[in-house]
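Participant: Quick note: the sequence shown uses the working numbering, first residue 1, plus one each step.
Heads up, a few of these hints could be off.
Okay, derived cross-link-like pairs now, EDC-like style, lysine to aspartate or glutamate, Cα gap no bigger than 20 Å in a straight line [stated by the list, open to error]:
1) Lys260 with Asp142
2) Lys43 with Asp287
3) Lys107 with Asp142
4) Lys116 with Asp160
5) Lys2 with Glu115
6) Lys118 with Glu17
7) Lys118 with Glu98
8) Lys264 with Glu244
9) Lys107 with Glu17
10) Lys21 with Asp142
11) Lys167 with Asp189
12) Lys116 with Asp142
13) Lys210 with Glu226
14) Lys221 with Asp184
15) Lys185 with Asp142
16) Lys221 with Asp189
17) Lys229 with Asp142
18) Lys99 with Asp8
19) Lys297 with Glu311
20) Lys323 with Asp296
21) Lys43 with Glu226
22) Lys264 with Glu242
23) Lys221 with Glu242
24) Lys316 with Glu330
25) Lys260 with Glu208
26) Lys99 with Glu17
27) Lys297 with Asp160
28) Lys260 with Glu115
29) Lys221 with Asp205
30) Lys210 with Glu98
31) Lys201 with Glu226
32) Lys167 with Glu330
33) Lys43 with Glu58
Just the calculated beta-carbon pair ranges, DEER-fashion [as the list claims (entries may be wrong)]:
34) Asp8 with Ser156: 24 to 32 Å
35) Arg245 with Gly212: 26 to 34 Å
36) Lys201 with Leu331: 19 to 27 Å
37) Asn22 with Thr213: 49 to 57 Å
No lab work stands behind these hints: they were computed from the structure. Think of the CB as a built atom: it goes at the ideal place given N, C-alpha and C, for glycine as much as any other residue.
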Amino acid sequence: MKIIIADDSAVVRAILEQNLKNYPHISIISSVSNGKRLIQAAKESLPDAVLADSDMPEIEGSHSLVSISKQLGVPILILTESKAEISQKFSYSVGFIEKPALNSYKKEFFDSLVEKLKELTENSQKKDSSSTEKAFSGNTTDFKILCLGASTGGPSAVSDVLKGLGKNFPLPILYAQHIEIGADKTMADWFGSVCPNIRIKLAEDGEEAKAGTVYMAPADKHLVIEYVKPSGNPVLSLSSEEPERFLRPAVNKLFRSAAKLYGKNCLALLLTGMGQDGAEGCKMILDKGGYTIVEDKSTCVVFGMPLAAIEAGGAKEILPRPKIPNRVNELVRKDGNK
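Using the sequences and the hints given, assemble the complete structure.
Facilitator: Encoded structure:
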C-alpha cells in the first residue's frame, strides 16, 4: 500500500515514518508539511491512501480534506484530536483516528492505524467498482460522457468535430482548451454561431452537465468532474489549483477525473495541440477500460499532443479529423439519429 503522510510537525512525520516502515506492506512515497504540498504529491505519485493531520497550513480543517479526497479519488485517514470527528461514521473514502500525545505513539496505535488504512482502501475499491457497475452497466460501447481536449488549432478542429456530431447528441460533452484569459466568452459565442446543431457554454462550478450540451472550461480554471449523479450525469467543479505543466485549464485533469468516475463508459478525443497535455489522461482512460481517439498528423495544426498520447500508449484509434465525428456517432448512437 503506497501512502502519503501529511502533518505540519516534522517530529510527528518522523515518528509516523519510522514506525510505519515496520509494516512490510506499507510504502511511504511522500511526506509533506502542508495542504498545497499534499495535493501536489498526490497528483504526482498516485497513492493508495493518505494519512493526514486534521489541522495543517493551507487546509481549512477536515472538511477540506474530505473535498480533497473526492477530488483526488484517494481515501484519507485523518489524525484528529476531536472526539466529535472520530464519532462520525466512516465513509468509503474518509476515516478518523485519534492522534496520540507525542510520548504515546505505541505499537497498538500503529496496528490500529494500519488496519484502518487497509479498511479504507478496500472499501474505496469496492465502492468504486460497485457504483460503476450499477450506474453504468452495459457493454464497452455504452458511453456516458464525451471529453474533448485541444490546444493550438483547437477551435477550428473542435468546431469541425461538433458540427459533424449532428443534432441531439446523446451525451454531455466536456471540453478543455488552452486559451488566453478574457477570450473564453468570445470563443464560446463563436462556437454557438458556427455550430448551430449543438449548445455550447462556459462550464459553471457545481452545475450538472446534461446530454446535448458542450461545457467548456473557462480560461484560467481547471475543469473536473466532482461526482456522478444517480442519473449518470456529471456534476462539474472549477478550481484555481496550481497549473499543470504551466497549463490551466489542463486537459489531463479533466481526462483523469473522467477516467476515475466513468471508467469503461468514458470516450475522449484529443485533437491538435502543442506539448504533452492530455497524453497521461488518455492513457488512464484506456487503463480504466474507456476509449480514446486522437487526431492524425495529416490534419493537425500541431501534432504534439496527439503524438504524446500515441507514444504514451493512450491512443485506441488515430483518425484524420473528417473521420472523427462519424466514428464517434458509430460508438455512441443507437438509434441512428444524426
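Participant: When the hints from earlier in the document are held up against this structure, which numbers fail?
Facilitator: Going through the list in order, the structure violates hints 3, 4, 8, 10, 12, 15, 22, 28, 30 and 34 and respects the others.
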